[in-house]
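Given next are the chains, with one letter for each unit.
Protein chains: 2
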Amino acid sequence: MITVLSGGVGAARLLRALRRHDNGVDLSAVVNVGDDLTMHGLSICPDLDTIMYTLAGANNDDLGWGLAGETWRAMQRLGELGGENWFALGDLDLATHLYRSQRLALGATKTDVTHELSTAFGLDITLLPVSDDPIATEFDTELGTLSFQEYFVRHHHDVVVTAVRFRGASAARLSEQSRDALENSDRIIIAPSNPLISIDPILKVPGVASILARRRDDVIAVSPLVGGVALKGPTERLMRELGHDANALGVARFYQGLIGTMIIDVVDADHADAVAATGCDVRITTTVMAEDDHAMALADAVRS
Amino acid sequence: MITVLSGGVGAARLLRALRRHDNGVDLSAVVNVGDDLTMHGLSICPDLDTIMYTLAGANNDDLGWGLAGETWRAMQRLGELGGENWFALGDLDLATHLYRSQRLALGATKTDVTHELSTAFGLDITLLPVSDDPIATEFDTELGTLSFQEYFVRHHHDVVVTAVRFRGASAARLSEQSRDALENSDRIIIAPSNPLISIDPILKVPGVASILARRRDDVIAVSPLVGGVALKGPTERLMRELGHDANALGVARFYQGLIGTMIIDVVDADHADAVAATGCDVRITTTVMAEDDHAMALADAVRS
Numbered sequence: 001m002i003t004v005l006s007g008g009v010g011a012a013r014l015l016r017a018l019r020r021h022d023n024g025v026d027l028s029a030v031v032n033v034g035d036d037l038t039m040h041g042l043s044i045c046p047d048l049d050t051i052m053y054t055l056a057g058a059n060n061d062d063l064g065w066g067l068a069g070e071t072w073r074a075m076q077r078l079g080e081l082g083g084e085n086w087f088a089l090g091d092l093d094l095a096t097h098l099y100r101s102q103r104l105a106l107g108a109t110k111t112d113v114t115h116e117l118s119t120a121f122g123l124d125i126t127l128l129p130v131s132d133d134p135i136a137t138e139f140d141t142e143l144g145t146l147s148f149q150e151y152f153v154r155h156h157h158d159v160v161v162t163a164v165r166f167r168g169a170s171a172a173r174l175s176e177q178s179r180d181a182l183e184n185s186d187r188i189i190i191a192p193s194n195p196l197i198s199i200d201p202i203l204k205v206p207g208v209a210s211i212l213a214r215r216r217d218d219v220i221a222v223s224p225l226v227g228g229v230a231l232k233g234p235t236e237r238l239m240r241e242l243g244h245d246a247n248a249l250g251v252a253r254f255y256q257g258l259i260g261t262m263i264i265d266v267v268d269a270d271h272a273d274a275v276a277a278t279g280c281d282v283r284i285t286t287t288v289m290a291e292d293d294h295a296m297a298l299a300d301a302v303r304s
Numbered sequence: 305m306i307t308v309l310s311g312g313v314g315a316a317r318l319l320r321a322l323r324r325h326d327n328g329v330d331l332s333a334v335v336n337v338g339d340d341l342t343m344h345g346l347s348i349c350p351d352l353d354t355i356m357y358t359l360a361g362a363n364n365d366d367l368g369w370g371l372a373g374e375t376w377r378a379m380q381r382l383g384e385l386g387g388e389n390w391f392a393l394g395d396l397d398l399a400t401h402l403y404r405s406q407r408l409a410l411g412a413t414k415t416d417v418t419h420e421l422s423t424a425f426g427l428d429i430t431l432l433p434v435s436d437d438p439i440a441t442e443f444d445t446e447l448g449t450l451s452f453q454e455y456f457v458r459h460h461h462d463v464v465v466t467a468v469r470f471r472g473a474s475a476a477r478l479s480e481q482s483r484d485a486l487e488n489s490d491r492i493i494i495a496p497s498n499p500l501i502s503i504d505p506i507l508k509v510p511g512v513a514s515i516l517a518r519r520r521d522d523v524i525a526v527s528p529l530v531g532g533v534a535l536k537g538p539t540e541r542l543m544r545e546l547g548h549d550a551n552a553l554g555v556a557r558f559y560q561g562l563i564g565t566m567i568i569d570v571v572d573a574d575h576a577d578a579v580a581a582t583g584c585d586v587r588i589t590t591t592v593m594a595e596d597d598h599a600m601a602l603a604d605a606v607r608s
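Top to bottom, those sequences are chains A and B. With the numbering used here, the residue at position 116 of the first sequence is 116, and numbering never jumps. If you want the numbering used here, it's the 1-based position in the second sequence plus 304.
For reference, chain A alone in the conformation it holds in the complex (with noise of 0.2 Å):
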């Protein structure tokens, strides 16, 4: 059994090659809810849905977010009455948000909420919220405070970031599900997903960063800056902006004592003995998943 600490595309896109390489493991993904939020009342959880998509192989690629054949009829109309139309929903997608939305009025936990999405979109690995608490991730910017996807989104990442907070965390409850999976699995793997925004916030979870610190030999880390450079998204910039270095090294620091084995790119293998003095072993591979075969050396090395 294995668990993944999970953002979105990029953790995604891992779980995906760890299920093509070992058809038959078991695999959860304890899963980031700090860029969740309410938008039209809806309930709107972006990572659940990305892995959720992507494993399922509906994920559009072209956009690299959203649901492939999406259309986009009510957002269109949305513009149109005067509506904030910025975060687009498409047609399809919305489903999943009235979904979600409709089953949490009604009682439901997300985790269970996302049990059935995960059903019914066929998925056959474990998703899970890695608490049904509010966890809401702030930005303190040049334009003053962000909600996580005001930054994301409406403003491109493209502004200057002064301090991350992740509202509600610590008094947010570490799933019983989420729990299990961390303490019952061989192998812990924080995915390559930005260390500050995406992992932070499942990590500042009470009870998270203390079972990895004890089970850290089992821990194995993902580095997303791959000769310095994210492939997707801020993780370059936000490291630099808050005072950690902007590649392999600086995230091995950031996620020192908590983890066994940190992987880097072969671009990166330069860093390798400084990444091991902060006290983890070293593997180096490729970690770029945009070719199958790359992915599948990534989970072999994850898996070794």
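You may find that some hints are simply not true.
Only part of the chain B face toward chain A is listed, based on derived beta-carbon distances under 7 Å [what the hints assert, rightly or not]: (1) GLY373; (2) THR375; (3) GLN406.
No lab work stands behind these hints, which were simulated from the structure alone. Yeah, the Cβ is synthetic: ideal placement off N, Cα and C, and Gly gets one too.
We have chain A already, so just place chain B on it with the hints.
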């Protein structure tokens, strides 16, 4: 200035006829909100939307509800996900509810949102929810207590009703705008909507019935029953089940003391004396608005 107490379809057709009849008249509608519901996290106001869509010329004549040119991508997917889709929300229609829900969440009132949406749809009449406070019409039935839409849509109003309640109505505040419209219009018209479930929840908001009683000489009701039959919906059946005569006389008795004039259809001319005996003037005309010239005749009768 004319103010119309309004349910959905029948009121929308009367308002459209009044607008066509006199392009210059200042028209307001004080609209029932007892059918309003929250579903999938969305705030939905069926009567307000029916009137808005109809007056914008955007209504779906084939269905008899909703928007012309509608598509159903979100609903179809919601059904595939195992979600509740008995209350069909088209992709374009969803935009209205997304807009409203977001604005309400930001602190706007239903009155504010109705004004914004009416403007976006290009309406030249003033649509006013009777109250910004929640009112929920409920039915005691052979299947237990049902919400309005469970009764009307889910069970196709094909269940025996023993009582109707308007939860919240007695504590609801008549909106200032609705009060102004009722106090200051030259004429108040009760639309040919269902007296028991479309008009009564308006009358039950404190202040409305007393204004009508005081101004009864200026109040005209249009009977929704023609030859004892409703053009649409369960008016006839509900009148019977709840102990009223299911004809123009039953309607006149229901509005007794609140109206100065009752308009009945030519086919109900034999009821004229009995209706007059309830204490109101009677006008006889065609009340069926399916054809434009008939609608004009009704508008004439209402205005004269």
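Quick rundown of the hints versus the structure:
{"no.": "1", "hint": "GLY373", "verdict": "violated (9 Å)"}
{"no.": "2", "hint": "THR375", "verdict": "holds (6 Å)"}
{"no.": "3", "hint": "GLN406", "verdict": "holds (4 Å)"}
In this structure, the one hint that does not hold is number 1.
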